[in-house]
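What follows is the residue order along each chain.
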Amino acid sequence: MKIPVSWIKDYVDINIDTDKLCDIFTLSGTKVDGVEKQGDKIKNVFTGRILEVTPHPDADKLRVTKVTTGDGEVQIVTGAPNITEESVGKIVPVALVGAELPDGKKISKGKLRGVESCGMLCSVDELDLDPDEYPNASDHGIWILPDETPIGIDMRDYLKLTDTIIDFEITPNRPDCLSVLGVAREASALLAQPFRKPTINLKEDGVSVNELVSVEVLDYELCPRYAARVVTDVKIGPSPAWMQSKLKASGIRAINNIVDITNFVMLETGQPMHGFDLDKIADSKIIVRRAASGEKVVTLDDKERTLNNDMLVISDANSAIAVAGIMGCGNSEVDSDTTTILFESAIFNRACVRRGSKHIGIRTESSGRFEKGLDLETTIYALDRAAMLVEMIGAGRVCKDRIDCVQRMPEKKRITFNPQRINQLLGTNIPTEQMVDILVSFEFEFNETVSEVIVPIFRQDVEIEADIIEEIARHFDYNNIKPTLLEGKATTVGGRSYEQKIRKNILDTVLSCGYSEIYTYSFISPKEFDKLNLPQDDTLRNAVQIKNPLGEDFSIMRTTTLASMLECLSINYNRRAEDVRLFEMANVYIPSDQDDEQVSENDEGYHKKVTLPVQIPMLTIGAYGDGADYYEIKGVCEEVFDKLKIKKFNYEPVTDNPTFHPGKTAAIYIKGELAGIIGEIHPLVVQNYECGKDTIAAYLLIDVLIKNSSDKMKVKPLPKFPAVTRDIAMVVDDGISAGKIDAIVKNKAGQIFESLKLFDVYKGEQLKSGTKSIAYSIIFRSPDRTLTDDEVNKSMDNIYKALKEKLGAELR
Amino acid sequence: MLKDQLEQIREQAQDQIKNEVKNAQQLDEFRVKYLGKKGELTALLRGMSELSAEERPIIGQLANDVRSFLENKIQEAAQEFEKSAMADELKNDVIDITMPGKIKKLGKKHPLTSVTEEIEEVFISMGYEIAEGPEIEFDYYNFKALNTPEDHPARDLQDTFYINDRIVLRTQTSPVQIRVMENTKPPIKIICPGRVYRSDIADATHTPVFHQIEALVVDKGVTMGDLIGTLKLFAKKIFGENTNIRLRPHHFPFTEPSAEVDVSCWVCGGVGCRVCKQEGWIEILGAGMVHPNVLEMCGIDSKEYSGFAFGLGIERTAMGKYNIDDLRLLYENDIRFVSQF
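Which chain is which? The protein sequence lines are A and B, in order.
Mapping of the first sequence onto my numbering: residues 1 to 812, in sequence order.
Mapping of the second sequence onto my numbering: residues 1 to 341, in sequence order.
It should be emphasised that the hints constitute simulated quantities derived from the structure, not laboratory data.
As the structure is a computational prediction, the values presented were derived from the model and not from experiment.
Every residue gets a Cβ at the ideal spot worked out from N, C-alpha and C, and that includes glycine.
Don't take every hint at face value.
[To be verified] Covered stretches of chain B, going by a simulated chain A footprint (3 or more residues, C-beta under 8 Å): (1) 101 to 111; (2) 170 to 177; (3) 246 to 252.
[Claimed, not checked] With a straight-line Cα cutoff of 27 Å, these simulated DSSO-like cross-link-like pairs (lysine-lysine) come out: (4) B:303 - A:504; (5) A:504 - A:757; (6) A:482 - B:104; (7) B:232 - A:757; (8) B:109 - A:645.
Turn these sequences into a full structure, and let the hints guide you.
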């Protein structure tokens, strides 16, 4: 909220500079978002008299002037058409050398077509002023000021641009500070200066309002208070300059005296007001009622709006004349012929205004204030203040009495005051008297025993002791509280849980394999399922839907992380990155399979009866380029297993996963449980994502890894006896997997087997088609003796025999 | 006689090996000349048998001395020649030390993980545990239990993604605090890092998915001074030893008193610069004393216990730390960005 400092000063003396004032506001919770010094952008521009105008020797459209701003004279060349010989003697704004103008222009000495020019004569536009406010100024030319204007006056002073405007960020709990009076009240408390709230002083004249209009509130729930006054003999015209300049400085345009009064009072008190043309109100009857469902009105902006039954309208005997708290309707609008006005000052239910304003899609200054909540006392003060201003500026005659529909006034809240507890929570030693002074300065009261604080009505946010503590602390300044570090409190061990440590281990291992970490959004487009080639009935298509997504592309919670990984690989591929290795550790979200249909969303215990969707953490790995293949990512997975001490895992071919290549994909099982999938991406999916054709990906279920992991290990003693290595090469059918051969070797090698290593696979001309040659080194060792040839030969014979019998292997 | 001859051989040999033997071949010739089967010393020793019994051990001793003297000299010279031969060889065995190294590149940790871990470490060292919770959350935990009933003005400030009327994508990690408080008897000292969601269209300073980390302490007698002390320590550890903090009263529904916390600008140190918009301070944290209503809703007696909580955005911290000017870079994962870390 923008407030000129001069307006605050109307209600409280401020004897410190603006910077200090801003600091005090900011550090007490009324944050200053910005400070604008009016006229800050106009420098070294003065009123001056034109002494002489002569033609330019070399340019028809230019004129050479001599002007004075008080002492001496300067020569200025101008191209403005309204400066002629007849302009001699006129007063104009003169930007001297060194001047700065609002558009950032800096004036320096120069030559125009060979003639020296030491400044510039300014137009209204060049001073960044609203041409509507200076109707007498020329449209396309220098601003000719009234003849009686003294010369040598700084234009900032002439324009009265001397105010400082502070932009406050008011937190939503302090609607009382969305007003000049509210901010001034804060200043008064913080600066220990008296607060001068204007006292109401009304003459009132003529008939009672009750003879002119009747008001009926049908729903006090949605309209706890409705007050109104009537002004007759209205003379619509401009409001006085002082009021206009205050409104302008606060960012509101002056319209006419009546509208300006309602705006002025709203800014001053925080209470929105509305003026109706009483002559247009059918039967002079105001009814505050819920809108009928589907009721149509035309609001002041000339748009037809359809209302619902949760909204409140102000209606006359026939039809709605305003959407309560949001916007008036054209049928009751004040215009230049208006002679009788009904001023409305009311409270409308926050939620009702909030929902209504959302429903019809309008937010106004007024609706914003109602949404935050207004207090029931200010309603009357604001109404009377408006009436007082009407009398003050002679805009009409204020009728006797006011209408005030209110069912019950709120009671002032009382809160126990316990200085010891306050100091205990803050960690301070603030004396009780100082606490009392602070609270009193914020207009809190005490009952006689000083054991209870009485909260002023306008402080709806203060409800409990903690709120009182904040009042004291913010006046004391949080930064004056001595920092401590939980001295004497219970000690805790802290640290990462086992699962958290294992997750960190996984992260570090994949990083050390050369894969970089990515972060992607948790929501995706349902179209991704098509791109992943998933059939229509695939269970992954059953995703948690977002009711109000940012668009279809972000509309469901992902059930697979592959889509995001492939998108990332694609982005990099299309930006010509040659080889890319990425991984992500993030969740997928699976709808709960529990049938919760019968639990109503209105059920208070909803959160206890319904199961949330399940989130499953995934490790997703993806790569292309630089020889990336199935085996590379398999290697990464096995590094992870090794780090996590997962020993028992096996691979099964996967031929029917629609996202992956049917011949180059495996499922990983750990102790029989599916732990993940690795494979080359299906060529169709590669096309859909526009990735490199050698794109490989894997995902592992982190929880399965954690379940089977261990962080315990014992070192094995180093071998004392030498190993014996035997190489073996065989020709087998192409379809026989290395895994099968491994299993036979391990099974048949006996106790002295240590390890085996595949070192060659060959397919080609020298072999029968459909076969391959495959070669291993097998290592034997005994922990307690040097092996003899005989022992090893015996093992090798067993291996040969089994390979031959079981796989038809032909040894080479 | 023989004695003189032995001395003479020693001197002669010493002289020769010093001045005449220049390479391994000459050394070999030298060895043969003196110690070979037909060498001078060998020849001389053949005359030993003619010596008297008294002289024999003396001369014998001397002869052995000369022999081992020569052998030492030969070995020394041989080592010298070997060394210099190797040095000659090494002189030609040269690599281009400026050619690229051959390491297999490590992967790069995402900056959001780095910042999260760094903050986690600070708190772990102070005895905090790490708590986690669901991202798809009941509005009860995300709002109501955090003292933010429907139509509370604070709901104005955050646009929430809804799954249905009662389930949301959490807008903050605070619901984790509620879940912990419901199930744990104080003392509680936790941090809750995690992914959160708000309905903001992505631009340079907003993404609909982002990350927060919050801290919560509940115990008997926890004070606002404890909150401020903890924040000071945290700011120094994360932003540098010279960092100052400033608390400004603010409003959050789940804390009272509440504060926004600024840290002195990490670029200019507080004098004012472009990064801090000339203010010298950068807003980084929300903090406060846990609202008694929140404690009570979790079944904790607010007369007996008090607590503090604060939270900050990981993205914002990462942007400051690494001078990232567009938040979207963090979620785009261009390898040219990722590989800089």
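Hint by hint, here is what the structure shows:
1. 101 to 111: Coverage by chain A holds here, the residue count being 7 at a Cβ distance below 8 Å.
2. 170 to 177: Not satisfied, violated; 0 residues make the cut.
3. 246 to 252: holds (count 6)
4. B:303 - A:504: violated (39 Å)
5. A:504 - A:757: Violated, at about 31 Å.
6. A:482 - B:104: violated (52 Å)
7. B:232 - A:757: Distance ~57 Å between residue 232 of chain B and residue 757 of chain A Cα, so the pair is violated.
8. B:109 - A:645: Given pair residue 109 of chain B, residue 645 of chain A holds - Cα atoms ~23 Å apart, limit 27 Å.
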